[in-house]
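Chains as they are written, first to last, in this note's numbering: chain Z, 49 to 370; chain E, 297 to 500.
It should be emphasised that the hints constitute simulated quantities derived from the structure, not laboratory data.
Every clue listed holds true.
Pairwise CB distance ranges (calculated):
id	chain 1	residue 1	chain 2	residue 2	range
1	E	L437	Z	E82	56 to 62 angstroms
2	Z	V344	E	P305	36 to 42 angstroms
3	Z	D336	E	S395	30 to 36 angstroms
4	Z	E284	E	H500	58 to 64 angstroms
Derived pair list, reagent style DSS-like, types lysine-lysine, alpha-carbon separation capped at 25 angstroms:
id	chain 1	residue 1	chain 2	residue 2
5	Z	K285	Z	K237
6	E	K399	Z	K367
7	Z	K166	Z	K153
8	E	K402	Z	K367
9	E	K485	Z	K367
10	Z	K176	Z	K235
11	Z	K236	Z	K280
Glycine residues also receive a C-beta, built at the ideal position from the N, C-alpha and C atoms.
So the chains spell out like this:
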Amino acid sequence: MFANFKNKLCGALALLVMLTATAFADDPPPTPEELAKIKTANAECLTCHSEAGLKKPPKEGLDLKKLRNYLVDPDTFTASDHGQMACSKCHGDGYDKHPHDAKAKEGLSECQDCHARKAMRIERQFDKSVHAEHLSDSFTCSTCHDPHVMTLAAKLRDPHKIVAQDNKICLDCHDSDLAFAKIAPEKKKRPPIDEIHSWLPNTRLHWQAVRCIECHTPTEDKLSLSHEILNKDKAEKKCATCHSANTSLNARLYRHLAKEEQNKYGFLNSVILSNSYVVGATRNPSIDWIVIGLFVAIVVGVIGHGLVRIITTRMRRSKNHD
Amino acid sequence: MTNRVFMLPLWIRLWHWSNALAIIVLAVTGVSLHFSNPDLPLVEFSLAARIHNVAGVCLAGLYVVFVVGNIVTGNWWQYVPKPPGIIGRCLKQMQYYGSGIFKGEKEPFPPTPEVNFNALQAVTYWSIMYLVLPVVIATGLIFLYPQFAPDRLFGLDGLLPIALVHYLGAAAIVLFAVSHIYLGTMGPKVSSLFKMMISGWYEH
Chain Z
49 MFANFKNKLC
59 GALALLVMLT
69 ATAFADDPPP
79 TPEELAKIKT
89 ANAECLTCHS
99 EAGLKKPPKE
109 GLDLKKLRNY
119 LVDPDTFTAS
129 DHGQMACSKC
139 HGDGYDKHPH
149 DAKAKEGLSE
159 CQDCHARKAM
169 RIERQFDKSV
179 HAEHLSDSFT
189 CSTCHDPHVM
199 TLAAKLRDPH
209 KIVAQDNKIC
219 LDCHDSDLAF
229 AKIAPEKKKR
239 PPIDEIHSWL
249 PNTRLHWQAV
259 RCIECHTPTE
269 DKLSLSHEIL
279 NKDKAEKKCA
289 TCHSANTSLN
299 ARLYRHLAKE
309 EQNKYGFLNS
319 VILSNSYVVG
329 ATRNPSIDWI
339 VIGLFVAIVV
349 GVIGHGLVRI
359 ITTRMRRSKN
369 HD
Chain E
297 MTNRVFMLPL
307 WIRLWHWSNA
317 LAIIVLAVTG
327 VSLHFSNPDL
337 PLVEFSLAAR
347 IHNVAGVCLA
357 GLYVVFVVGN
367 IVTGNWWQYV
377 PKPPGIIGRC
387 LKQMQYYGSG
397 IFKGEKEPFP
407 PTPEVNFNAL
417 QAVTYWSIMY
427 LVLPVVIATG
437 LIFLYPQFAP
447 DRLFGLDGLL
457 PIALVHYLGA
467 AAIVLFAVSH
477 IYLGTMGPKV
487 SSLFKMMISG
497 WYEH
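Sequences are here, hints too, so could you generate the full structure?
Below you can see the structure in the form of structure tokens.
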């Protein structure tokens with residue numbers, strides 16, 4: 049009975065944490081006054097933790113080699129999802145003075161502290177992913193999603209920007225032996241990325257137009273793309289999944305634009321056409337019907353002409369016999 | 297008694313049939329790609345894409361053979377529509393296809409070694425071979441290397457006009473091919489012109 053009570057209590061606590069955390073992530077944006085305060089406070093951190101700070105350290109005796117690993121690009125950060133947050137929101141106790149406390153890192157906020165509901169959903173997906181299979185201990189949200197850089201696809205909207213941001217995450221490791229070796233299990237060699245994708249025509253051009261995750265995630269999650277990253281044996285290999293009138297790109301890369309005009313100039317999936325011509329997906333049914341109509345007319349015409357020739361030839365022959 | 301006259305050298309016949317094969321392969325795979333449907337694939341997309349690319353490059357190579365061969369042998373002159381009275385000759389040819397053939401009339405402009413094509417053929421072949429086909433090949437090559445396509449056009453992807461011209465040009469060639477094959481039966485016998493395209497000899 050006690051165990052049952054303990055379970056219920058744990059569940060209630062988890063729910064409370066989740067609700068609080070969700071409220072935290074859904075906080076209203078800061079007022080202009082608050083924002084000014086945040087900017088001033090963040091500027092203090094960036095005097096060291098930026099390229100400019102590294103070039104011109106505000107203090108003598110800084111370990112520049114170490115600092116190099118903890119730089120933030122101020123413009124990228126400001127444009128990112130967390131760009132209106134104070135550094136201290138995550139980098140709490142121990143970071144407010146320099147040198148920072150030796151144990152400050154232990155108090156660093158984790159993603160689920162604010163994004164609990166999302167984290168629960170994502171964790172279930174991640175547990176089935178190829179990354180969890182091989183790297184479950186060392187792989188965290190920030191292995192892929194640098195909180196100083198990331199912007200939600202729904203906010204970016206422009207597919208080119210979404211693709212550039214998201215593919216950089218994958219390719220930073222999967223296209224670099226050095227970065228791959230830092231994370232990968234020992235003895236695991238980086239598969240040559242171009243070679244394993246050689247079946248995909250215009251491989252690198254595909255990577256500029258669509259994300260790796262269009263093929264390397266399943267489609268079951270309706271709220272966002274799944275975090276179940278699929279290994280190559282499970283990844284999508286059917287071209288027609290994207291290259292067809294009912295293209296899956298509408299539910300993936302273009303999901304945030306899918307409500308926009310879909311029949312501009314009479315083209316199917318014209319919202320995709322503003323960025324990419326996708327054979328099989330972005331075609332114009334009116335032109336197709338004209339072409340099909342002409343083809344049928346010529347075939348029928350040829351058959352009809354042939355039949356009349358046969359009939360008239362026979363008639364002439366029988367006439368000649370008579 | 298059947299008269300025989302030699303009309304077509306080996307290189308033209310080899311080019312013609314290789315070209316025909318490439319166009320049939322390109323048409324079938326092209327339809328599979330353009331009307332791609334996962335539930336009803338004519339040829340599976342990635343296979344169709346590969347075959348289409350290879351056949352397209354072959355067609356481009358064959359076109360170079362066609363142009364160089366025509367220049368070297370002087371055969372290009374056959375394709376040039378010769379103006380004085382060309383409209384009248386075209387109309388006469390049309391009249392033959394439209395009614396004369398049903399009445400058993402003789403072909404008004406039968407092929408000779410000097411003039412292979414009637415006026416209608418010359419106009420059509422010239423348009424297809426020197427206007428439509430090079431455009432389809434050029435746009436196909438840009439499709440193969442899309443980095444050479446314009447980046448954007450009228451707020452849409454720059455590959456769209458290339459794709460449209462390629463599609464419409466290819467459609468024109470397929471429509472031509474259907475009528476071309478049928479008109480191949482219009483010799484003295486149904487099989488005469490097909491035989492000529494194989495052996496080079498025109499029997500009449």
